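Asker: Chain by chain, the residues run as shown.
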Amino acid sequence: MLRLFISRCALALFVVFAISIICFLLSHVAVDPASGVAGDSATDADLEAIRLQYGFDRPLILQYGDYVAGVMRGDLGTSYLSGEPVSALIAERIPATALLACLSIAFALALAVPLGVLAALRPNSWLDRGALTLAVVGQAVPNFWAGLLLILLFGIKLQWLPISGSSTLAHFVLPAITLGSFAMPALMRLIRAGMIEVLEADYIRTARAMGLSQRAILFKYALRNAVLPVISLTAVQFGFMLGGSIIVESVFAIQGIGYLAWQSMSRSDMPVIQAIVLFISLVYIVLTLLADLLNAALDPRIREKS
Amino acid sequence: MLRHGGFMIGGGVLVLLVLVAVFAPLLAPHDPFAQSLALRIKPPFWHEASVAGHPLGTDQLGRDYLSRLIYGTRISLAVGFGAVLISGIIGITLGVVAGYFGGWVDTCIGALITTRLSLPVVLVALAVVAVVGGSLTVVLLVIGLLLWDQFAVVARTATQQLRHAEFVASARAMGASRMHVMCREILPNIRAPLTVVATVEMANAVLIEAALSFLGLGVQAPLPSWGLMLSEGKNFMFFNPWVITLPGLCLFVLALSINLLGDGLRDVQEGGR
Numbered sequence: 001m002l003r004l005f006i007s008r009c010a011l012a013l014f015v016v017f018a019i020s021i022i023c024f025l026l027s028h029v030a031v032d033p034a035s036g037v038a039g040d041s042a043t044d045a046d047l048e049a050i051r052l053q054y055g056f057d058r059p060l061i062l063q064y065g066d067y068v069a070g071v072m073r074g075d076l077g078t079s080y081l082s083g084e085p086v087s088a089l090i091a092e093r094i095p096a097t098a099l100l101a102c103l104s105i106a107f108a109l110a111l112a113v114p115l116g117v118l119a120a121l122r123p124n125s126w127l128d129r130g131a132l133t134l135a136v137v138g139q140a141v142p143n144f145w146a147g148l149l150l151i152l153l154f155g156i157k158l159q160w161l162p163i164s165g166s167s168t169l170a171h172f173v174l175p176a177i178t179l180g181s182f183a184m185p186a187l188m189r190l191i192r193a194g195m196i197e198v199l200e201a202d203y204i205r206t207a208r209a210m211g212l213s214q215r216a217i218l219f220k221y222a223l224r225n226a227v228l229p230v231i232s233l234t235a236v237q238f239g240f241m242l243g244g245s246i247i248v249e250s251v252f253a254i255q256g257i258g259y260l261a262w263q264s265m266s267r268s269d270m271p272v273i274q275a276i277v278l279f280i281s282l283v284y285i286v287l288t289l290l291a292d293l294l295n296a297a298l299d300p301r302i303r304e305k306s
Numbered sequence: 001m002l003r004h005g006g007f008m009i010g011g012g013v014l015v016l017l018v019l020v021a022v023f024a025p026l027l028a029p030h031d032p033f034a035q036s037l038a039l040r041i042k043p044p045f046w047h048e049a050s051v052a053g054h055p056l057g058t059d060q061l062g063r064d065y066l067s068r069l070i071y072g073t074r075i076s077l078a079v080g081f082g083a084v085l086i087s088g089i090i091g092i093t094l095g096v097v098a099g100y101f102g103g104w105v106d107t108c109i110g111a112l113i114t115t116r117l118s119l120p121v122v123l124v125a126l127a128v129v130a131v132v133g134g135s136l137t138v139v140l141l142v143i144g145l146l147l148w149d150q151f152a153v154v155a156r157t158a159t160q161q162l163r164h165a166e167f168v169a170s171a172r173a174m175g176a177s178r179m180h181v182m183c184r185e186i187l188p189n190i191r192a193p194l195t196v197v198a199t200v201e202m203a204n205a206v207l208i209e210a211a212l213s214f215l216g217l218g219v220q221a222p223l224p225s226w227g228l229m230l231s232e233g234k235n236f237m238f239f240n241p242w243v244i245t246l247p248g249l250c251l252f253v254l255a256l257s258i259n260l261l262g263d264g265l266r267d268v269q270e271g272g273r
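Residue numbers (the working numbering), protein chains in the order written: chain A, 1 to 306; chain B, 1 to 273.
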């Protein structure tokens, strides 16, 4: 377990390092940071002065060192547009995106677990085929289109739900359905496949032979074992949702990190963009690391394999 | 394979869409770029206010919607095939090398794969387009350079399983170079799972292009990208819902046909084992 822990942490550290370089390149090399600070009206003399003042004329490796030191202190740079610290901009947007991602995952799991289990209980039945068809269809729907259709149906035609903004919980219903239904198919397939495999195992036959009720077999024996890979995938999907939130948030005008990213993109506000890439990647790395460790803690076979 | 319903439907629709893309100039009733101020936002044929000659109506600049949808097939398919070609070459090379050599090579490539997986694709693609500027080529390249992870993961696992196979050992014993073994012995034998990955990633690439264009940081106007049409249409959708249902439906049908094809391939492979 300790060896696994160390090797996974080392890998996570390497990935953080690699991603920090990508983000640094994005904000310091891909665009001229001096012209970003100065704005469009700056003269060459202004740019030169800014380069000297901010140290953009120094070797990149030193600038990268400063960048990393800043990130460690929680200083992610300053927005070109608003002049506010990027960390503050992101911090105030975290609650909306976190709420959206949690609701979406909850929605996806609430559909995926029962559907996956029911489909696995009767493979090749109409229910199983229906669930798989739903998965194939769901995976092919572009999520921004689904969002627009939901707006047309529930927002405009039926007028049940608000379609834009993030002030109340009701504002999150349609976005969470949009984002969650994109994650649902993969989760459902995994639960179904896991359950089918587990239900064929000898210990389930033994449990049946011992006369345990179907319900006890399902929930106490089968689901518990089938759910292991789902932990990893949920972590992965959660990361995808943070990344995918940019589309859904821009459709529904939710004031989250994704919306901030989109606003910054259209105005080339690089410090904000690189900070969001860094932040979402870090969340993903931490989540997958935790999922791996949790899996190892729950499943001795994974521990021994390493 | 020919008896698999999903495979046949998916493959059939995809072939049809490829034909539509190839013969777009012959099929489109109008020039997809020709504007007409008098004919802005005219509804499709089932609507009583529709105008003759524009069976699927016109957009906010009076351009024929059917023609734009037909030409849009070209953009989506170009991105789909192009991006998969690029990502396939990168991912399969990395995966086969990692799986064949193992050891520290595998560790390094594994770390590279993990790094790529940690990057949010849409966000990074958007950031690159924001820096470089949006165009069809940029979008195609960026998506291709980002989507190689699954190719690498699958190629690596499949190669690891074959590394110690007898035919690989005998090829080595006969004096075949490592390059030869990887390209001629291993690659043909891991083709099947990689084809399935290719379909998944192609559908992915199509949807990502549409998402980037929808957000205004992808293919640029006046090109008739379906994602861009959705973005332009969303300001008019409240009174004219068809401006967003039609391009979205095209995207959905294309992605669905690719997914059905991939699912069919997977079923046939698993059934054959």
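Possibly wrong hints are sitting among the right ones.
These stretches of chain B come out as covered by chain A in the derived footprint (C-beta under 8 Å, 3 or more residues) [to be verified]:
#1 68 to 82
#2 135 to 141
#3 228 to 239
Selected chain A positions facing chain B (Cβ under 10 Å, derived; list incomplete) [stated by the list, open to error]:
#4 V37
#5 G39
#6 A42
#7 A45
#8 V136
#9 W145
#10 L149
#11 I156
#12 L158
#13 Q159
#14 V236
#15 G239
#16 I246
#17 M265
#18 V277
Over the 10 Å line for every Cβ pair with chain A, so calculated as not near, a few chain B residues [to be verified]:
#19 F7
#20 F23
#21 A34
#22 A169
#23 M179
Calculated from the structure, these hints are not laboratory results.
Just so you know, these numbers come straight off a predicted model, no measurement behind them.
Beta carbons: idealized from backbone N, C-alpha and C, even for Gly.
Asker: Under 10 Å, Cβ to Cβ, is where Q159/A needs to be relative to chain B, so tell me if that hint holds or is violated.
Answerer: Result: violated, 12 Å to nearest chain B Cβ.
Asker: Next item in the hint list is V236/A. Is there a CB on chain B closer than 10 Å to its CB?
Answerer: Interface hint status for V236/A: holds (8 Å vs cutoff 10 Å).
Asker: With d taken as the least Cβ-Cβ distance between F7/B and chain A, does d exceed 10 Å?
Answerer: 12 Å, holds
Asker: Closer than 10 Å between Cβ atoms is the bar; does M265/A clear it against chain B? Give me holds or violated.
Answerer: 4 Å, holds
Asker: Minimum Cβ separation between A34/B and chain A greater than 10 Å?
Answerer: 26 Å, holds
Asker: With 10 Å as the threshold, tell me whether F23/B passes as away from chain A on beta-carbon distances.
Answerer: Holds, because the least Cβ-Cβ distance between F23/B and chain A comes to about 24 Å, which exceeds 10 Å.
Asker: Counting residues of the segment 135 to 141 of chain B that have a beta-carbon nearer than 8 Å to any beta-carbon of chain A, does the count reach 3?
Answerer: violated (count 0)
Asker: With a cut-off of 10 Å, does the beta carbon of V37/A approach a beta carbon of chain B closely enough for the hint to hold?
Answerer: 16 Å, violated
Asker: Report holds if the minimum CB distance from M179/B to chain A is greater than 10 Å, and violated otherwise.
Answerer: 28 Å, holds
Asker: Hey, does the I246/A contact hint survive, CB to chain B under 10 Å?
Answerer: With a closest approach of 6 Å, the I246/A hint holds.
Asker: Do three or more residues of the segment 68 to 82 of chain B come closer than 8 Å to chain A, measuring C-beta to C-beta?
Answerer: Per the Cβ count (0), the hint is violated.
Asker: Per the CB criterion, is W145/A less than 10 Å away from chain B?
Answerer: 4 Å, holds
The structure fails to meet hints 1, 2, 4, 5, 6, 7, 12 and 13 from the earlier list, while all remaining hints are met.
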